[in-house]
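J.: Numbers given in my numbering equal positions in the sequence shown, counted from 1, plus 123.
Possibly wrong hints are sitting among the right ones.
Stated by the list, open to error - Computed cross-link-like contacts, DMTMM-like style, restricted to lysine to aspartate or glutamate with a CA-CA straight-line distance of at most 25 Å:
(1) 244 / 328
(2) 204 / 271
(3) 375 / 317
(4) 405 / 453
(5) 293 / 256
(6) 204 / 182
(7) 456 / 445
(8) 204 / 217
(9) 363 / 217
(10) 435 / 271
(11) 169 / 223
(12) 204 / 298
(13) 267 / 298
(14) 207 / 453
(15) 419 / 459
(16) 375 / 259
(17) 252 / 328
(18) 207 / 260
(19) 327 / 314
(20) 273 / 296
(21) 419 / 451
(22) 202 / 459
(23) 325 / 259
(24) 412 / 298
(25) 270 / 260
(26) 456 / 231
(27) 207 / 170
(28) 414 / 231
(29) 467 / 453
(30) 380 / 369
(31) 463 / 182
Said to hold, decoys possible - Computed Cβ-Cβ distance ranges for the label pairs, DEER-style:
(32) 433 / 185: 46 to 54 Å
(33) 459 / 317: 35 to 43 Å
(34) 187 / 419: 38 to 46 Å
(35) 259 / 467: 38 to 46 Å
(36) 185 / 338: 28 to 36 Å
(37) 244 / 270: 23 to 31 Å
(38) 456 / 191: 31 to 39 Å
(39) 317 / 259: 19 to 27 Å
(40) 207 / 263: 42 to 50 Å
No lab work stands behind these hints, which were simulated from the structure alone. Backbone N, C-alpha and C define an ideal beta-carbon position, used for all residues, glycine too.
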Amino acid sequence: MKKMKKVIFSILSIVVVLVILVFSLRIYNDYKCKDTNALKSPEYYKDVTNISLYPTDIDGVDVTYVDEGRMQGFRFVPKEKSHKGLVICFGGSEGSPNFETAKRLAEEGYETFALFMFGMKNQEQTLRKIPLEQFEDVIDYINKNIKDNKPISVLGASKGAEYALNLASKYSEIDNLILIAPSSYNFAGLDFKDYGSSWTYKGKELPYIDIKKSSFSSFLKNIIVPTIIKSPISYKETYKSAIEQDSSSQEKLIPVKNVKANILMIAGEDDLMWDSFAMAKKIKDQNPKAKIYSYKGAGHIFAGNGVLNLGKIRIATGGTTESNDKAESESRKTIDAFLKENHK
Numbered sequence: 124m125k126k127m128k129k130v131i132f133s134i135l136s137i138v139v140v141l142v143i144l145v146f147s148l149r150i151y152n153d154y155k156c157k158d159t160n161a162l163k164s165p166e167y168y169k170d171v172t173n174i175s176l177y178p179t180d181i182d183g184v185d186v187t188y189v190d191e192g193r194m195q196g197f198r199f200v201p202k203e204k205s206h207k208g209l210v211i212c213f214g215g216s217e218g219s220p221n222f223e224t225a226k227r228l229a230e231e232g233y234e235t236f237a238l239f240m241f242g243m244k245n246q247e248q249t250l251r252k253i254p255l256e257q258f259e260d261v262i263d264y265i266n267k268n269i270k271d272n273k274p275i276s277v278l279g280a281s282k283g284a285e286y287a288l289n290l291a292s293k294y295s296e297i298d299n300l301i302l303i304a305p306s307s308y309n310f311a312g313l314d315f316k317d318y319g320s321s322w323t324y325k326g327k328e329l330p331y332i333d334i335k336k337s338s339f340s341s342f343l344k345n346i347i348v349p350t351i352i353k354s355p356i357s358y359k360e361t362y363k364s365a366i367e368q369d370s371s372s373q374e375k376l377i378p379v380k381n382v383k384a385n386i387l388m389i390a391g392e393d394d395l396m397w398d399s400f401a402m403a404k405k406i407k408d409q410n411p412k413a414k415i416y417s418y419k420g421a422g423h424i425f426a427g428n429g430v431l432n433l434g435k436i437r438i439a440t441g442g443t444t445e446s447n448d449k450a451e452s453e454s455r456k457t458i459d460a461f462l463k464e465n466h467k
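Work out the full structure: start from the sequences and follow the hints.
T.: Here you go:
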């Protein structure tokens, strides 16, 4: 009986110590990370699908919302268009249409679009099983409504870069690609209630890396434990582990060998969301003409000090404030030079 009491007391003591430790670490991380935020979000990030939150009164640019079947998003027409063709922008897994980039480029004289991949009328409501064919509605709209419609450049960030690269593998109408924090693989969608590939084509899901099959130790170390103690979650090792665990990962690579579009890739070498720098090199292995501009010390998002504060959780995006600011400035110049060269 005494031994049993000792065992129970020991177990309770360990539990109490662990509870105190977790509680202390949560307080410490709240203090340490209280001023961290890698992204100062515009107003519309409160609800990216709320069209009324987007500012459409822009000096020198006419902004309209395009509602054409599965084509949903904003069209920016400069009052003085100074570059040929069009630039089509897509955001990432947050569901935004990359409005700020399209706006900036329109102010520089490009006719641009900021388009939604999902979440809007006639589209999939979550990031899963998105049909690549919805881009055909974009092509139809362009052909019917815009005379000066060549060349076409597509710019995508993060998950939007994965989408854009897939589009270029199917649609030769795309002349140029700008991939920011790119993926070389098709990954699973982010709807875990209706799990499957992020993308479909001709009614079939594209083969995908199953992120649920990453190693448990990686998942525990980088996601579960940080969630408990409120430290930043890093998804990089989860994605990397899922690739390594997949014996048929080569079949999940986006087929870019025969993509005719000029490809520019932008990647932070300290990306903690996924290893965009390694995947950019994987894309270049398939398509040697593709260009990579990488930035040391920069993360997934070229803003802030590498931590994205979402209230209940914190996400490690990577990089330092100084390196991210430098990468933002330098990459913008690189993108501008690429567009000017290809939209003469």
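J.: Run every hint past the structure and note whether it holds.
T.: Hint-by-hint comparison with the structure:
1. 244 / 328: It holds: about 21 Å lies between the C-alpha atoms, which stays within 25 Å.
2. 204 / 271: Since the Cα atoms of residue 204 and residue 271 sit roughly 10 Å apart, the hinted pair holds (cutoff 25 Å).
3. 375 / 317: Satisfied, since the Cα-Cα distance of roughly 20 Å is no more than 25 Å.
4. 405 / 453: holds, 23 Å
5. 293 / 256: Holds, at about 9 Å.
6. 204 / 182: Holds - the C-alpha atoms of residue 182 and residue 204 are around 13 Å apart, at most 25 Å.
7. 456 / 445: Holds, because 17 Å separates the two Cα atoms, which is no more than 25 Å.
8. 204 / 217: It is violated: about 30 Å lies between the C-alpha atoms, which goes past 25 Å.
9. 363 / 217: Since the Cα atoms of residue 363 and residue 217 sit roughly 21 Å apart, the hinted pair holds (cutoff 25 Å).
10. 435 / 271: This hinted pair is violated, its Cα atoms lying about 47 Å apart.
11. 169 / 223: OK: residue 169 and residue 223 at ~15 Å, within 25 Å.
12. 204 / 298: Status holds; Cα separation ~19 Å.
13. 267 / 298: Holds: residue 267 and residue 298 sit about 19 Å apart, inside 25 Å.
14. 207 / 453: Status holds; Cα separation ~24 Å.
15. 419 / 459: Holds. Residue 419 to residue 459 sits at ~20 Å (cutoff 25 Å).
16. 375 / 259: With Cα atoms ~23 Å apart, residue 375 and residue 259 stay inside 25 Å; holds.
17. 252 / 328: holds, 7 Å
18. 207 / 260: Holds, because 21 Å separates the two Cα atoms, which is no more than 25 Å.
19. 327 / 314: holds, 17 Å
20. 273 / 296: holds, 9 Å
21. 419 / 451: At roughly 12 Å apart (the allowed maximum being 25 Å), residue 451 and residue 419 satisfy the hint.
22. 202 / 459: Given that 25 Å is the threshold and the Cα spacing comes to 19 Å, the pair holds.
23. 325 / 259: The hint holds at about 12 Å.
24. 412 / 298: holds, 14 Å
25. 270 / 260: Satisfied, since the Cα-Cα distance of roughly 17 Å is no more than 25 Å.
26. 456 / 231: holds, 12 Å
27. 207 / 170: Not OK: residue 207 and residue 170 at ~33 Å, beyond 25 Å, violated.
28. 414 / 231: holds, 23 Å
29. 467 / 453: holds, 21 Å
30. 380 / 369: holds, 22 Å
31. 463 / 182: holds, 22 Å
32. 433 / 185: 46 to 54 Å: The hinted range 46 to 54 Å is violated for residue 433 and residue 185, with Cβ atoms some 34 Å apart.
33. 459 / 317: 35 to 43 Å: Given a distance of about 40 Å, which is inside 35 to 43 Å, the answer is holds.
34. 187 / 419: 38 to 46 Å: Because 41 Å falls inside the window, the suggested range holds.
35. 259 / 467: 38 to 46 Å: violated, 28 Å
36. 185 / 338: 28 to 36 Å: The hint (28 to 36 Å, Cβ to Cβ) is violated, given that residue 185 and residue 338 are roughly 51 Å apart.
37. 244 / 270: 23 to 31 Å: holds, 27 Å
38. 456 / 191: 31 to 39 Å: holds, 34 Å
39. 317 / 259: 19 to 27 Å: holds, 24 Å
40. 207 / 263: 42 to 50 Å: For residue 263 against residue 207, whose Cβ atoms are near 21 Å apart, the range 42 to 50 Å is violated.
In terms of the numbered hints stated before, the structure departs from hints 8, 10, 27, 32, 35, 36, 40, listed from lowest to highest.
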